[in-house]
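Chemist: Chain residues, written in single-letter form:
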Amino acid sequence: MNEGQKSPGIKTQLRPNIPATRALPWVVPFSLLFVWQWASSAGILPSRFLPSPRAVVSSFIELSISGELWMHVRVSTLRALSGFLVGGGVGLLLGLLTASLHWAEILLDTTIQMVRNIPPLALIPLVILWFGIDESAKLFLVALGVFFPVYINTFYGIRSVDRGLLEMGRTYGLSGWPIYREIILPGALPSILVGVRFSLGLMWVILIVAETISARSGIGYLTMNAREFMQTDVMVVGILLYAILGKLADLLAKGLERYWLRWNPAYQPTR
Amino acid sequence: MPPTFSSREIAAEKEGRSRGVSVRIKSVSVGFGGRTVLENFDVEISAGEFVAIVGRSGCGKSTLLRSVAGLEMPQNGTVILGKVAGQNGKPDVRVMFQDSRLLPWRRILPNVMLGLEPALIPQARKVLAQVGLAERANDWPATLSGGQRQRVALARALVHDPNLLLLDEPLGSLDALTRIEMQRLIEDVWRSRGFTAMLVTHDVAEAISLADRVILIEGGHVALDEVVNIPRPRTRASARFAALEERILDRVLQRRPLIKDQW
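Order-wise, the sequence lines are chains A and B. With this note's numbering applied, the first sequence closes on residue 271, and no number is skipped along the way. With this note's numbering applied, the second sequence closes on residue 534, and no number is skipped along the way.
Excised from the complex, chain A in its bound form (with noise of 0.2 Å):
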């Protein structure tokens, strides 16, 4: 590339400009939904099985007005995050500490390696019998599930910063702190931003389960509270209630790389 001149890049024939484009992504999901109301409405789909659309729509605005919706959502995302901060925070410090010192890394790293494989989730008849069915219990499941991917990138991250920088740091009489401010966690960030993306969405996987088989409040409570009435639509709106949630955290995640790596040509949107 010259200097200063900008390189056209490659013509893409979609113009994202064109509202016509802007539409594409949503005609499958609205056909779907379509189709579905009216398979629903034509009796062909029992609402024993699936409520109709227009029957999730009506329980939504229900439940939220009733405020017993948000109730169950706050409780979910309050477990969520504590969980993630919790987890994403030991695994940060962790895999810090393993991927600088040679000797934590050999006292530690095996045994991480170990626990690693073992699904947290299998972990549940053990957490309920410690925990019993209270906070504590769920937020040890998120923490432990979301720990692994944040210890794993963060590691992998530091150890695959630019050497020549580190080298070079040195030179410009860096060391201690102000080299892990400038060279190490700068350059292992996007690793470790990798990492948390993958852990939010572990963080709602494990959170659905946790909540379905043991708690008194949340999503996954309401869910399973209304199969046992067969209110089908309230299931439905409990189910897409988790989908726009890990949409929501996917974004939140999708903005810190934005920002946190917008020195980084590949993290820009593209012209």
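No lab work stands behind these hints, which were simulated from the structure alone. Every residue, glycine too, gets a C-beta built ideally from N, C-alpha and C. A few of these clues could be false.
[Claimed, not checked] Chain A regions said to be covered by chain B (calculated; three or more residues, Cβ under 8 Å): (1) 165-172; (2) 180-188.
[Unchecked claim] With the C-beta cut set under 8 Å, the calculated list includes, among others, these residues of chain A facing chain B: (3) W263; (4) N264; (5) P265.
[As the list claims (entries may be wrong)] Short derived list, chain B residues pointing at chain A, Cβ under 10 Å: (6) P375; (7) W376; (8) P412.
Starting from the known structure of chain A, fit chain B onto it as the hints suggest.
Modeler: Chain B only, in chain A's frame:
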């Protein structure tokens, strides 16, 4: 285009030309995995001198530079840097690498400021202006061309006002025109600031156009140590330039035994 330094500026700074530090490399041996790269290597460089080190790839010229920078620990021998008047402690040594090694996550000005107090921002801006990139202070390194990045790397080294500047093939990956531009810039700052410079290069013409002295390394030893007696600024078209280049190249390529020339 990088600005050239006015002759008045050069003359004024030459008066107090005491920045440079002498370098004494005494019987230095460096090896990697049983293979000796440098063996009992001796070279003395006086304060303020510009020395170019040439040789085929793998001859140990980069290793020599890295030993002086303290990035490589010699198995034997010592590298002694001279004392600098009015400066207690270690002389300031900066390295410019073949790749710019800018921090991609810092904008240009913070890159130049690496390891400096925030109070020195005006100083950093001044040096950035000297390399002709004042208006790029707030850009990301990824948006700069290779030549511009090397100029930022030069500014980053210069803002520390080093006593010794080590240049490890800093122009190796640049195109021919940008190289010439950068050579002029490096010569200008060296002349105005008077630091000692060690340049490792595989380009004999580059060595001759910049250095007071060209050292050829072969098999871990000094094979040739030539003082370049051509007045500055040097033009490649001159007969003396061409003759010297021919002579050194012949020695590198071992086309014929070295014969002393008349001039």
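Chemist: Look at each hint and say if it fits the structure.
Modeler: Cross-check of the supplied hints:
1. Here the stretch 165-172 of chain A counts 7 residues with a CB under 8 Å from a CB of chain B, which clears the bar of 3, and the coverage holds.
2. Residues of the stretch 180-188 of chain A with a Cβ under 8 Å from some Cβ of chain B number 4, which satisfies the need for three, so the listed coverage holds.
3. Residue-level restraint check for A/W263 holds (minimum Cβ-Cβ distance to chain B is 5 Å; threshold 8 Å).
4. For A/N264, the interface hint holds, the least distance from its beta-carbon to any beta-carbon of chain B being 7 Å, beneath 8 Å.
5. Proximity of A/P265 to chain B holds as hinted, the smallest CB-CB distance being about 5 Å (cut-off 8 Å).
6. Here the hint on B/P375 is kept, as its CB sits about 5 Å from the closest CB of chain A, short of 10 Å.
7. The restraint placing B/W376 at the interface with chain A holds, with a minimum CB-CB distance near 4 Å, inside the 10 Å limit.
8. For B/P412, the interface hint holds, the least distance from its beta-carbon to any beta-carbon of chain A being 8 Å, beneath 10 Å.
Hint violations for this structure: none, all hints satisfied.
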